[in-house]
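*Asks:* Residue numbers (my numbering), protein chains in the order written: chain A, 1 to 357; chain B, 1 to 503; chain C, 1 to 375.
Note that these hints are calculated values from the structure, not bench results. Using N, Cα and C, we set each Cβ at its ideal position, and we do this for glycine too. Accuracy of the hints is not assured; some may be wrong.
Said to hold, decoys possible - So the derived list for chain A, only partly shown, Cβ under 8 Å to chain C, looks like this:
{"no.": "1", "residue": "L21"}
{"no.": "2", "residue": "F35"}
{"no.": "3", "residue": "K137"}
{"no.": "4", "residue": "C150"}
{"no.": "5", "residue": "Y156"}
{"no.": "6", "residue": "T260"}
{"no.": "7", "residue": "V263"}
{"no.": "8", "residue": "M267"}
{"no.": "9", "residue": "K318"}
{"no.": "10", "residue": "V326"}
{"no.": "11", "residue": "V327"}
{"no.": "12", "residue": "P331"}
{"no.": "13", "residue": "K334"}
{"no.": "14", "residue": "N335"}
{"no.": "15", "residue": "T338"}
To be verified - Here are the computed distance ranges between Cβ atoms for each label pair:
{"no.": "16", "chain 1": "B", "residue 1": "I5", "chain 2": "A", "residue 2": "L337", "range": "46 to 56 Å"}
{"no.": "17", "chain 1": "B", "residue 1": "I5", "chain 2": "A", "residue 2": "V327", "range": "52 to 62 Å"}
{"no.": "18", "chain 1": "A", "residue 1": "A162", "chain 2": "B", "residue 2": "K137", "range": "54 to 64 Å"}
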Amino acid sequence: MKQNRKTSSGLGQLLIPLVALGILIVFNIFRDISFFSIGMRVNNAGNIVLTGNLISIIDSASELAIIAMGMTLVTAACGGQDISVGAVGAIAGAVFVKVLQGMGAITIGSVILAFVLCCLATIVFKLFNGTLVAVFKIQPMIATLILYSCARSIAYWINGDATPQLKSSIISSIGKTIPGIPVPTPIFAVILVGLLLFLIFKFTSLRLYIQSVGINQGAARLNGMNPIMIKLICFILLGVCVSVASLIGVCRLGQLNHKTLLVDIEMDAILAVAIGGNSLGGGRFKLSGSILGAYIIQMLTTTLYAMNVAPVNVKAYKAIVIIIIVVAGSPVVKNKLTALWKRLRPVPVPEGAEKEG
Amino acid sequence: MEDGIVLTMRGISISFPGVKALNNVDFTLRKGEIHALMGENGAGKSTLIKVLTGVYEKDAGSICIEGCPGEAHIHSPQQAQNIGISTVYQEITLCPNLTVAENLFIGRTGGSVVHWKEYEKRATEILENLGIPARAKQELSRCSLAVQQMVAIARAVDMNCKVLILDEPTSSLDDKEVAMLFRLMRDLKARGVGIIFVTHFLEQVYEVSDRITVLRNGELVGEYPVSQLPQVELVAKMMGKSLDDLAELERIGQKSAASEETVYEAEDLSSSECRPFDFSIRRGEVNGFTGLLGSGRSESVRAIFGADQVTGGQIRMNGKSVRISKPHDAIRNGIGYLPENRRRDGIIADLSVRENIILALQVIRGMNHPISRADAEAFADEYIEALQIKTASKETPIRSLSGGNQQKVILARWLLTHPQYLILDEPTRGIDVGTKLEIQKLVLKLAEEGMSITFISSEIEEMLRTCSRLIVMRDRKIVGELTGDDLTQAQVMKTIAGGEQAE
Amino acid sequence: MKEKRKGFALGRREPLTDTQMLMFISIGIFAAMYIGAMLTLGGGFLKPQMIFDLLNDNAALIIISCALTIVMIGGGINISVGGVIGLTVMSCALFLNNNGIESAFLSILLTFLLALGIGLGFGLLQGFLVSHLEIQPFIVTLAGMFLARGLTTILSVNPVKVTNEGFLALVSTKLKISWLGYVAQNGNLIPAKIEIGAVVAVAVVFLMFLLLRYTKLGRGIYAVGGNRQSALMLGINVKNTIFWSYVISGLLSGLAGFVFLMHKPAGNASVAMRSEMDAIASSIIGGTLLTGGVGGVIGTFFGTMILATIQKIIALSPLNASWWQEMANGAMLSFFILLQSVVLMRKNRSGSRKRKGPDGKKKKTEDPAAQSGSS
C-alpha cells in the first residue's frame, strides 16, 4: 500500500521511464561511447548545423513528442485514445500545401496563413471525433477509427495524387534549420508547444478540470464542471498539436505525401503516453512523462539503427522493450514483487494475491 | 440445534479500524420464516450479512447452520453458497446480456459443452414452479427489474439454499413488482426456506415478515414477532429512543434565531427523480429533511442543487428569480452541496487533499482564473487546521484518507466557497461520534454567521439538535413540517410512521 | 416499463436481443447493397460467382474478424491479428521453399502446423499478459503487432514467392460447381469456383458460432464482457475465460495466415497491412460492441461481406479508386457507430431509470471502509 502511494505521486510515475532511459544510455556508453558525440558540419544549404546521434534523436522525435502531448490530454480526460492523429495529420498537411499553392509565392505571411487554416481544418476534424466521444459517448478508439480509415482519402481528395514539392528557404527553415542557428527547428517547435501547454496550465486551471473529469466525471459535474466541454477542449488542443506536427513533417521533407505523412504515429504516441507512466484509463497525467516516452522510443530506434539493425526490423526489438516496460509497470507485477519483498525469503506468491482495488 | 431453526449467530463481534461495527450480536432464523433485519444507517445490518456470507471475518462469535455439524466456518461467498446461504443483492449480480436460463445455470454446469435445450427445459420448470413471469430464452435485460430480482432468487433457490438473504430487494421496484416479489417470498417460505429480509420500507416489513430483529449502532436491540411491535415503536427502536423516554436531549447550543429574510425559495420544483414540492429557507436557518431512507429526502435536495435533471419549478434567491438546472448554476448562485454518497459523487479519489479542497472555489472563479499554488496551499492548510483533517500532508491523495476525514475535506471544499446556502446530505454517516459532534457544532456556528443550511441525517437526534424546522417525507412526498414545540422525538416518529398507524 | 410488462404474455415470440437486432440490420444492409448492385451494375453481380469471389478474396479477413469478435465480446481488443498473418505468411513461405521434405503432404501438414503454432504462441503470450498480469489489451496487442511485423522483416525484407509445387497444387485446387456456373460468350460452361480458403473461412464462422453459442467458454466470454463483476459472482473463472479468448484469437490469426497464403502464395513485408482495422470495422458493422457482451460471428461475417461488397461495387463503378472506397468505408462505419450509440443510449437510459430509484441503493455502493472506517 505504502509503496503504491509513493509511486502514484511525485516522481514515482516517472521512475520506470527514467530507469528505462538510464538503461538505454548506459547500454550505449558500453556499446560505443562515440554514440554521444556531437559535431558541427556544414549542410547542403551552407548552414552550420549540429550533428550527432543525440541531436538526431531529439530532432526526429519532435513530431512524436508533440502529438504525444496532445494524446496525453485526450487520454486523461476521456480514458481512451485517438487513433486518427496520423491520418488527420495528413489532412492538415494537405490543407497547408493546398493553401500555399493557391497563394502562389511562399512568404512568411502565406506560411502563417496556411498554417492557421490547416490548424482550423484539423480542429474541425478533431471536434468531429470529440463530439462522438463526449456527446454520443462512443469509445474514443471506435469513434476515431472512422477518421483513421478515411482521413488519408480526404487528404488525397484535397490535393490529388501528386506529391507536391515545396521549395523555399522558409520551408526548410521550419523543417530543418534556420540559417545561423545550428539547432534543428523542430526542437524549438517541441519547446514551443510544450511551453504553450505549460502556460495554459499555468494561467488556467485546465489541468485540474481535465484530471477531475478523467477520474470521476460524475463528481466533476456535481462540482459545476462541464465534462463535455473539457473533453472537447482536449480534442481541440490535440488538433493544434497534430497540425504543428504535420507542419514539421511536411517541411522536413519539403513535400507532401499523404500516404506517408505521420504514418503510424498514433501507435507510437499511445506508447509514449503509456511508457511515460500515464494510465491509459484516464485521470492524473504528466506531460513530461509522455515527452520522455517519446524520446525513449526514438532513442531506442536510433540505438538499434546504430547497431546496424535494418530500419524495418526495429519494430520487433521495440516490441520486446515495450513489453518489458509495461510488465514492469503493471500493478499486478508491482504488488507481487512487493509481496515477495515483504516475505524476505523468495517464496512464490500464491495465485490471486491481493490486488490494488 | 433446536428443531426448526436453520441458522443461529451468537455473540458476533467485528471491528474496523476505529469503529466497533458489531458488538455481541445474536441472530436466529427459523425454518420457513421471513425475518426482517432493521436498523438505520451504520446500525450494522450490512456488516452482519457480510459476516454471514463470508465477506468479512468475524472477530468473535459463532455461526451454526442446520445440517452442518458444529460451527460453520465461512470465509468466502462461494463457501457460504456451498453450505446453503445465498444472497440476492439489490444491484442485480447477473449478466444482463445473457438469457434467463443461462443466468440460472451459468457457472455451475459440468463439462465444456452446454446443452442449453436441457437447461432451458429445466429453467422453464423452475420459472413455472416459482411462478416467475419470465421465459427461459428471454434476454435478462428485457425483463423488468423485479423479474431479474426473482431470477436471482430462483438461482439461489435452485442451489438448494436454506438461508436466503434479500438485501434491500424492493428499493427499485414499483408497487406491483413488490407484490410479485412478495408472492414469491411467501411461496419460498411455505417450502421451508428461511429468508432474511433487509429493507428500509416499514410497510413492507409489516406486510410480509414474521419476525423483526432490530440493530442499532452495531448492537442488538431485540428480536420481536411482528404482531407485538407496532410501527411507531419499531421506529423508536431503530432510532434508539424508547417511547416512554421522551425527554429532549440537551441542545448543544441555543438555536440561532433565523432572520425573516428568505434566501432560497422553490415553487413546484421537480426533477427526474422527485415529485414537485415547495420549499424555502431563511437566512441563518438550519432546516432538515427527514424520513427514512428511500423517502425522497435526498432526491429533493438533489433537485434543489440541480444534480438530477430538473423538470420544472420556479426558484428565487434573495427574492430574485434564478434558473438552476445544473450544478454549475447552483454553485454560482451560492449553493453548496455535500452529496450523500461521498465516494461516488464527492471525492475525486486520485487528486490530492489540496486539489479536492479548492475544486469548487476554482469552478466559481472560472477556469481562466486559477487559484495560485500559494493560495491553494494556504487554503488547504487553513481548512486542514480548522476542521482538524487528519492527513499525512495536503498532497496526499484523498482516497488514502479515512471516511470521516474525506468527509471533512468535502466540507472544507464547500466552506471555502462561502455559500449562502449549504446542503449537507448525511454529513455524519460512517463517522465516529467525536467528529459527528464537531460537524453539528460547526453547522450551528455557520448558521449563526448567517449561512442557511439544510441538514439531512438518518439520526433523528442530530436533526433535533441542529434543526429549527424539520420537513418530514414519506413515500417521496412531504407529509409534514415540524417547528418549535413539535420538534420532539415522539412527534417526528409519529409523522414518519404515519399518523394513522401511530394511534 | 409498460412495454416490458407486455412481454410477460406467454406464447409470444422473443423480442430481438441487441445482438440479433444489430446483426439483422447488417444482414439487411448487405442484402440491400447486393441487390442494389445487381440492379444498377448488373454484370458480375448477377452471377453467383460474385459471392464466391467475395469469399475467396476475403477468406483471411473473415477469419481474423472472427478472431477480433471473440476478443471484443469479452471486452478486449486484439490489434495484432494483421501482424500475425504477415508473420505466418512469411514463415510458411520460407518453410515451404526451404524444407526439402519430399512428401508434399508432409510438407504442407508441417506448414499448417507451423502457422497454427505461430498463432498459438502469440495467443498464449498475449492472453497471459492481458488476463493474468492485467495489462491493457491495447498495449499488449500493439506490442504483439510490432513484434510480428518486425519478425516478418527479420525473416526476409524481400518478397518470397512460394515455389513448393505441392503447395501450389493446393493453391490451384478449387471446388467447381457447374450448376452455379454460367455460360460464357463462346458457349463454354464456366463452373463456379470456390477456393479451399473460402470453405475454411465459412467453417471457421460456423465453428466459432457453435463455440460462442453452445460451450461453457463461449457463454463465459459473453458473461465476462457483459458484466465482469457479475460473471465473477456467478462462479465463472474470469481470468481463464479472457485468457482462452486471446488464445483462440491468436490461433485463428495463424490459421488466417495459412489461408492467406493459399490465396496468394507469396510472403511480403506488407501482407495484410492494417487489416486489423478492417477486422475491427467488420466486427463493429456486424453488431459487436467494443464495450463487450454484445455481438456474434454471424454478424461479423456479414460485416466483412459488406466491406467486401463496397470494395467490389466501387471497383466496378466509374468511381474506381481506393480513396472512394476508404471514404465509403468511413461513411459506413460512421453510420453503424452512431446506430450502436443510439442503441446503447436507449439501453443506458432505461437502465438508469430503473436503477436510480430511492436512495436506499446508494448506501450499498458505499464501501465498507467508508461506512465504518473513520478515525
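*Asks:* State for each hint whether it applies.
*Replies:* Each hint tested on the structure:
The interface hint given for L21(A) is violated, since its Cβ lies 19 Å from the closest Cβ of chain C, which is over the 8 Å cut-off. Among the interface hints, the one on F35(A) is violated; its C-beta lies about 22 Å from the nearest C-beta in chain C, farther than the 8 Å criterion. Evaluation of the K137(A) hint against chain C yields a held restraint, the C-beta minimum of about 7 Å falling below 8 Å. Among the interface hints, the one on C150(A) holds; its C-beta lies about 3 Å from the nearest C-beta in chain C, closer than the 8 Å criterion.
The closest approach between the C-beta of Y156(A) and any C-beta of chain C is roughly 5 Å, which is under the 8 Å cut-off, so the hint is satisfied. Taking 8 Å as the C-beta cut-off, the interface hint given for T260(A) is violated, the closest approach to chain C being about 13 Å. Given the 8 Å rule on beta carbons, the hint for V263(A) is violated: about 10 Å separates it from the nearest Cβ of chain C. Against a cut-off of 8 Å between C-beta atoms, the interface hint on M267(A) holds, since the closest Cβ of chain C lies about 6 Å away.
Checking K318(A) against chain C: minimum C-beta separation of about 5 Å stays under 8 Å; hint holds. With a least beta-carbon distance of about 5 Å to chain C, the hint placing V326(A) at the interface is held under the 8 Å criterion. Look at V327(A): its Cβ gets to within about 6 Å of chain C, closer than 8 Å, so that hint holds up. For P331(A), the shortest C-beta to C-beta distance to chain C is roughly 7 Å, which falls under 8 Å, so the interface hint holds.
This hint is violated: K334(A) has a C-beta 10 Å from the nearest C-beta of chain C, more than the 8 Å allowed. Interface restraint check for N335(A): the shortest CB-CB distance to chain C comes to about 10 Å, outside 8 Å, so the restraint is violated. For the restraint placing T338(A) at the interface with chain C, the shortest Cβ-Cβ distance is roughly 15 Å, beyond the 8 Å limit, so the hint is violated. A hinted range of 46 to 56 Å for the beta carbons of I5(B) and L337(A) is consistent with their spacing of about 49 Å.
Judged by the Cβ atoms, the range 52 to 62 Å given for I5(B) and V327(A) holds: they are separated by roughly 54 Å. One distance hint, 54 to 64 Å for the beta-carbon pair A162(A) and K137(B), holds here, with the actual separation near 59 Å.
In terms of the numbered hints stated before, the structure departs from hints 1, 2, 6, 7, 13, 14 and 15, listed from lowest to highest.
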